[in-house]
Amino acid sequence: MKKNELIAILLVILSTIGTVLAIFAIEKFRRNKFYTVELLARAPNNGNWYPRRFTLPYGKEAKILIRNIETVSHGFALPDFNVAVNEIKAGEVVVVKFTPDKRGIFPFMCTVWCSDEHLHMTGEITVE
Amino acid sequence: MLILIFVPSSFAQEQFFQIKAKKFSYTPNIIKVNKGDVVRFRLVSEDVHHGLFLDGYGISTSAYPGQEGALKFVADKTGRFSFRCSHTCGEFHPYMVGYLYVSPNYLFWAGTFIILLLGFGSFIITMSKTQKKEGLKLFGIIPLNWQLELTRFKLIRNLLKSRWFPLIPIIINLFIFTVILFAGFVGGWGSGNYNFGVMIVWILWWVLLMLFMVPLIGRFWCMICPFPLLGEWIQRGKLIAVGRQKSWGLSKKWPNKWKNLWPLVILFWITTWFSGFFTVRPFATFILLGAIILLAIIASIIYEKRTFCITMCPVSGFMGLYSNFSLCSVRRKDPEICRKHIPKTCVVGNEKGYGCPWMELPFDMNRNTYCGLCLECFKACPYDNMGFFVSPFGRHLFVERRKTDDIYNRRSTDEAFKGLTMLGIFLSFFLAFQGPYGHLKDMVRATSLSGYLSYIGESFCIDFLLIPVVFLLFTFLSWKVSKNKEVKFKEVFVNFAYILVPVGLAIWAAFSIGIILPNGSYLLHIVSDPFAWGWNLFGTANFPWTPVFTGIMPYIQVLLVVIGLMFALDFGGKFSQQTYASMDEAKKSWIPILIYLVGLHIFFLKLFTG
Amino acid sequence: MKKIAVILISGVLIISCGALVYYGLRHARGIPVAIQKIERPVLQVKFIDKEIDLTQDTGEDIWNTISPCEVKLTYQVTALPWPKAVTPKITVKAFHNQKNIYFYINWMDETHDVDLSTNKFSDACAIMFPLGEEIQPATIMMGFLGKTNIWQWKASQDKEYWLKESPTTNAYADFYYPFEEKELLPVSMVVPKSAVNDLVTIRVGTITPKQVQNVQGRGFWQSGDWKVVFKRSIEVSDPQLDASFIPDKKLCAFAVWNGSRGERGGRKSISDWVELKFQ
Numbered sequence: 001m002k003k004n005e006l007i008a009i010l011l012v013i014l015s016t017i018g019t020v021l022a023i024f025a026i027e028k029f030r031r032n033k034f035y036t037v038e039l040l041a042r043a044p045n046n047g048n049w050y051p052r053r054f055t056l057p058y059g060k061e062a063k064i065l066i067r068n069i070e071t072v073s074h075g076f077a078l079p080d081f082n083v084a085v086n087e088i089k090a091g092e093v094v095v096v097k098f099t100p101d102k103r104g105i106f107p108f109m110c111t112v113w114c115s116d117e118h119l120h121m122t123g124e125i126t127v128e
Numbered sequence: 001m002l003i004l005i006f007v008p009s010s011f012a013q014e015q016f017f018q019i020k021a022k023k024f025s026y027t028p029n030i031i032k033v034n035k036g037d038v039v040r041f042r043l044v045s046e047d048v049h050h051g052l053f054l055d056g057y058g059i060s061t062s063a064y065p066g067q068e069g070a071l072k073f074v075a076d077k078t079g080r081f082s083f084r085c086s087h088t089c090g091e092f093h094p095y096m097v098g099y100l101y102v103s104p105n106y107l108f109w110a111g112t113f114i115i116l117l118l119g120f121g122s123f124i125i126t127m128s129k130t131q132k133k134e135g136l137k138l139f140g141i142i143p144l145n146w147q148l149e150l151t152r153f154k155l156i157r158n159l160l161k162s163r164w165f166p167l168i169p170i171i172i173n174l175f176i177f178t179v180i181l182f183a184g185f186v187g188g189w190g191s192g193n194y195n196f197g198v199m200i201v202w203i204l205w206w207v208l209l210m211l212f213m214v215p216l217i218g219r220f221w222c223m224i225c226p227f228p229l230l231g232e233w234i235q236r237g238k239l240i241a242v243g244r245q246k247s248w249g250l251s252k253k254w255p256n257k258w259k260n261l262w263p264l265v266i267l268f269w270i271t272t273w274f275s276g277f278f279t280v281r282p283f284a285t286f287i288l289l290g291a292i293i294l295l296a297i298i299a300s301i302i303y304e305k306r307t308f309c310i311t312m313c314p315v316s317g318f319m320g321l322y323s324n325f326s327l328c329s330v331r332r333k334d335p336e337i338c339r340k341h342i343p344k345t346c347v348v349g350n351e352k353g354y355g356c357p358w359m360e361l362p363f364d365m366n367r368n369t370y371c372g373l374c375l376e377c378f379k380a381c382p383y384d385n386m387g388f389f390v391s392p393f394g395r396h397l398f399v400e401r402r403k404t405d406d407i408y409n410r411r412s413t414d415e416a417f418k419g420l421t422m423l424g425i426f427l428s429f430f431l432a433f434q435g436p437y438g439h440l441k442d443m444v445r446a447t448s449l450s451g452y453l454s455y456i457g458e459s460f461c462i463d464f465l466l467i468p469v470v471f472l473l474f475t476f477l478s479w480k481v482s483k484n485k486e487v488k489f490k491e492v493f494v495n496f497a498y499i500l501v502p503v504g505l506a507i508w509a510a511f512s513i514g515i516i517l518p519n520g521s522y523l524l525h526i527v528s529d530p531f532a533w534g535w536n537l538f539g540t541a542n543f544p545w546t547p548v549f550t551g552i553m554p555y556i557q558v559l560l561v562v563i564g565l566m567f568a569l570d571f572g573g574k575f576s577q578q579t580y581a582s583m584d585e586a587k588k589s590w591i592p593i594l595i596y597l598v599g600l601h602i603f604f605l606k607l608f609t610g
Numbered sequence: 001m002k003k004i005a006v007i008l009i010s011g012v013l014i015i016s017c018g019a020l021v022y023y024g025l026r027h028a029r030g031i032p033v034a035i036q037k038i039e040r041p042v043l044q045v046k047f048i049d050k051e052i053d054l055t056q057d058t059g060e061d062i063w064n065t066i067s068p069c070e071v072k073l074t075y076q077v078t079a080l081p082w083p084k085a086v087t088p089k090i091t092v093k094a095f096h097n098q099k100n101i102y103f104y105i106n107w108m109d110e111t112h113d114v115d116l117s118t119n120k121f122s123d124a125c126a127i128m129f130p131l132g133e134e135i136q137p138a139t140i141m142m143g144f145l146g147k148t149n150i151w152q153w154k155a156s157q158d159k160e161y162w163l164k165e166s167p168t169t170n171a172y173a174d175f176y177y178p179f180e181e182k183e184l185l186p187v188s189m190v191v192p193k194s195a196v197n198d199l200v201t202i203r204v205g206t207i208t209p210k211q212v213q214n215v216q217g218r219g220f221w222q223s224g225d226w227k228v229v230f231k232r233s234i235e236v237s238d239p240q241l242d243a244s245f246i247p248d249k250k251l252c253a254f255a256v257w258n259g260s261r262g263e264r265g266g267r268k269s270i271s272d273w274v275e276l277k278f279q
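Respectively, the protein sequence lines represent chains A, B and C.
Position 96, counted from 1, in the first sequence is what this note's numbering calls 96; the numbers after and before it change by one each time, with no gaps.
Position 133, counted from 1, in the second sequence is what this note's numbering calls 133; the numbers after and before it change by one each time, with no gaps.
Position 213, counted from 1, in the third sequence is what this note's numbering calls 213; the numbers after and before it change by one each time, with no gaps.
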């Protein structure tokens with residue numbers, strides 16, 4: 001039965017390659033629609049924040065998705081805009097929302113003891 | 001011992017403990033108090049944020065470095081309670097455990113009492129037998145040769161004969177494993193407990209395997225396993241239709257010398273060396289599964305049919321052995337039909353189905369070890385003579401060797417050793433992962449090369465030396481006591497080794513309970529957010545870690561251990577009768593094995609709750 | 001023929017899997033970037049055979065001969081409340097004459113805040129020394145997992161001690177209180193034994209003044225610039241509580257408060273560890 005064979009092959013391709021493509025598509029759509037920047041939280045000896053410096057437009061609400069891809073907790077603080085997340089546990093993902101109302105370069109840093117170089121886990125946001 | 005139960009508890013005290021938490025253990029890791037004591041814990045973290053959740057009492061606290069956590073409670077429940085870390089502190093976080101003993105440990109004493117009672121009961125029953133009985137009965141109640149054949153129900157018969165089954169479940173599994181592999185790949189060195197790949201495989205699949213799939217349906221996983229699908233597609237040239245009977249590729253035959261479980265005994269043991277990595281790091285799970293799939297595909301183009309499944313898949317060994325205990329089996333229905341049928345299409349195949357890819361002889365099969373439930377014989381039999389039978393637990397463990405048996409259908413030393421090494425692997429896993437010993441955990445996750453090599457060495461000694469030698473001693477004693485010159489010692493050793501099948505299933509089931517109850521709540525999280533990307537497919541992404549039923553967990557584990565003992569005692573007595581010529585010899589020679597079983601199960605009881 | 005096909009297929013599969021694994025390993029911790037090596041500032045403590053008498057001056061001529069060491073400061077964010085803004089950097093110098101050790105801190109501060117009251121806060125700066133042998137190299141936050149000895153100089157205390165000017169009020173709100181300035185806990189003042197508080201802590205919230213105050217200090221403010229000098233004998237009177245400078249590889253950290261921004265307690269700008277190198 002040629003028809004059955006084709007259906008079976010289609011199902012196999014759908015469940016493998018189709019799944020992978022669908023995952024990428026969903027994620028791309030989600031990123032573009034819902035978030036401005038994706039920030040990876042890593043301890044300094046594993047690469048520090050990524051991206052460590054980025055730009056946000058002035059006056060537009062920024063939504064930063066912070067993903068902790070490690071096995072220790074991190075935190076996030078942007079003191080100039082009074083924005084912070086207490087603790088981002090391992091594997092946790094949080095969204096930080098704020099509207100930049102000042103122009104300039106502002107530091108952000110980690111607030112939870114994560115590694116020996118915790119104090120160097122910093123980055124910069126430029127608002128223009 | 002009865003007196004001990006009635007000793008009044010000593011005067012309740014105030015007990016204070018300062019517990020230091022460091023990755024990944026507590027100091028002190030074992031705490032002992034008495035019932036009624038007012039217990040205070042001060043949790044001090046020595047490196048990162050740790051927590052402490054007390055099983056059974058359901059209370060928790062946490063401590064950042066520099067800030068302590070405190071707990072105060074009255075120890076009104078007795079027994080052994082694990083306290084575990086409640087804040088993800090690193091990759092081995094799910095294994096960060098300590099033990100609290102609240103004496104008197106009634107559960108342990110009650111369990112020991114029950115075990116001794118069962119042993120005593122078995123002794124009495126054995127001694128009272130005067131002659132060998134035909135028609136063995138499980139626990140003296142259910143006849144072992146009772147069976148229910150399921151293809152008498154039209155729905156089931158049509159399902160089993162359809163070429164879409166089990167292909168559709170396999171494709172569904174293929175989808176799930178694609179997600180697992182993807183999750184493992186993007187998970188990197190992140191935290192395993194928030195990764196779909198790690199959780200589904202090591203928490204869900206392993207637990208389902210040991211608790212339900214193997215004891216109830218035997219090689220059920222092999223029926224729906226997606227790993228050989230691509231290789232088989234290449235071999236057959238077709239996915240669902242029946243094409244070439246001979247596998248494309250080199251189609252080599254696996255050498256007869258290795259057509260047994262020995263390669264898998266070694267391979268599974270080697271796989272356990274890496275359990276400290278792939279159960280916690282997503283990418284390590286990806287590498288392991290990817291390697292197995294790669295091996296499956298390459299093996300399919302070099303060897304014929306399902307040689308990979310029989311000889312190279314790490315889990316195939318214990319699944320094959322333990323499936324002889326399960327309720328389900330595939331057998332021919334009417335031997336007369338098979339006797340007259342030439343050629344045997346279940347072996348060579350026809351236009352409706354392939355010849356048995358597991359290289360079994362379905363018309364003659366009487367054990368489950370090498371039958372992968374692929375159901376091709378149902379489709380290939382023109383007389384509809386294959387049946388799916390439900391029979392009492394353990395029936396196929398009683399199958400003795402026949403003169404016409406080929407190399408598969410027999411009790412053998414390789415299967416005996418598989419049963420023995422499964423006990424040993426359980427022991428090293430339990431001590432390392434569910435025990436409170438920090439240095440063992442350090443060894444397992446290779447914080448130092450020498451520690452890791454010691455772990456492998458220790459694992460070898462337990463699995464291949466300690467447990468087999470102890471068993472050997474008792475079976476030797478049994479052989480000597482029988483004073484029977486005709487029975488070979490090897491036969492005694494191998495026959496009695498099959499009592500380790502229900503024992504093994506029971507302790508692995510109890511081990512799985514210890515995995516799923518504390519950590520099952522992670523499954524709700526990873527189903528909504530499989531890759532830790534911030535998804536929330538079903539709204540449960542923020543479901544907090546919630547251990548469930550930790551209070552009754554030790555009771556469930558003790559129950560499983562006792563059930564395993566009951567089966568072992570029942571089967572073992574019958575194996576003894578199978579092994580020895582006279583009833584008298586069988587009775588005497590059962591005693592050493594009885595003592596071994598009772599001692600072994602008291603040891604298991606101590607592991608789980610003592 | 002078939003053998004070649006089999007070998008080819010196997011080869012392709014193995015190589016592509018290998019490539020996949022390699023890619024995955026490289027990205028196992030996110031997008032790979034070059035790891036920046038962290039350089040800790042080094043503060044040379046020279047041997048200069050001179051004395052500074054703080055009752056006279058702060059030894060500007062001696063300090064001018066020493067080259068400065070720049071130390072960057074960041075927001076203190078590990079414990080609430082946070083400072084509203086940050087003093088970006090300070091300049092530090094140090095020397096010893098085998099009897100006493102001297103530290104010099106210089107930073108920019110537009111406002112001269114020397115009054116303490118329930119609504120006004122004083123400028124201040126501090127040096128923290130870890131006590132004990134087993135300190136983790138990057139711990140900060142007042143002791144954290146070990147004890148520290150903190151020398152905190154306060155402009156208000158400096159004014160009271162050196163200029164003998166009595167304070168404007170008898171109560172102040174120099175208290176670590178996690179809510180806004182509206183909620184202040186007035187505390188009555190003590191008579192200072194020095195311009196510098198010699199303190200010991202074991203973690204956040206455990207600041208304890210010592211019985212014996214060993215450290216002296218003095219600061220001058222001029223057109224937006226604070227210069228503060230600390231002086232203490234190298235000998236320790238209590239090894240449990242005093243920072244020792246023998247053996248010679250030591251660490252210290254700095255903190256600065258700006259009173260006009262309401263900074264006190266946890267609201268400060270802090271530095272990472274600075275290595276002290278003795279000569």
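Please keep in mind that the hints were generated in silico from the structure rather than gathered at the bench.
Only a predicted model underlies this, so the values are computations on that prediction, with no experimental measurement involved.
Even for Gly, the Cβ is constructed at its ideal location relative to N, Cα and C.
Do not rely on the hints blindly, as some may be mistaken.
Listed next, the in silico PhoX-like pairs over lysine-lysine satisfying Cα-Cα at most 20 Å (straight line) [said to hold, decoys possible]: (1) LYS20/B / LYS72/B; (2) LYS97/A / LYS60/A; (3) LYS246/B / LYS3/C; (4) LYS2/C / LYS238/B; (5) LYS2/C / LYS253/B; (6) LYS2/C / LYS246/B.
Covered stretches of chain C (in silico footprint by chain B; criterion: 3 or more residues with CB under 8 Å from a CB of chain B, positions within the stretch not fixed) [what the hints assert, rightly or not]: (7) 27-41; (8) 64-75.
Checklist entry - Given the hinted pair LYS97/A and LYS60/A, is their alpha-carbon gap at most 20 Å? => result Judged against 20 Å, a Cα distance of about 11 Å means the pair holds.
Next on the checklist: Between the alpha carbons of LYS20/B and LYS72/B, is the straight-line distance 20 Å or under?
Outcome noted: Holds, at roughly 16 Å.
Checklist entry - For the pair supplied as a hint, LYS2/C and LYS253/B, is the alpha-carbon distance within the 20 Å limit? => result Holds - the C-alpha atoms of LYS253/B and LYS2/C are around 16 Å apart, at most 20 Å.
Next on the checklist: Is the listed coverage of the stretch 64-75 of chain C by chain B valid when you require three or more residues with a beta carbon under 8 Å from a beta carbon of that chain?
Outcome noted: That given contact is violated, which follows from only 0 residues of the stretch 64-75 of chain C lying within Cβ reach (below 8 Å) of chain B.
Next on the checklist: Between the stretch 27-41 of chain C and chain B, are there enough contacts, at least three residues with CB-CB distance under 8 Å, for the coverage claim to hold?
Outcome noted: With 4 residues close enough to chain B, the hint holds.
Checklist entry - Are LYS2/C and LYS238/B close enough, with their CA atoms no more than 20 Å apart? => result Measuring from Cα to Cα gives roughly 18 Å; hence the hint holds.
Next on the checklist: Need the status of pair LYS246/B, LYS3/C: alpha-carbon distance at most 20 Å?
Outcome noted: 16 Å, holds
Next on the checklist: Does LYS246/B sit within 20 Å of LYS2/C, going by the straight-line distance between their CA atoms?
Outcome noted: 14 Å, holds
Going down the numbered hints, you'll see the structure goes against just number 8.
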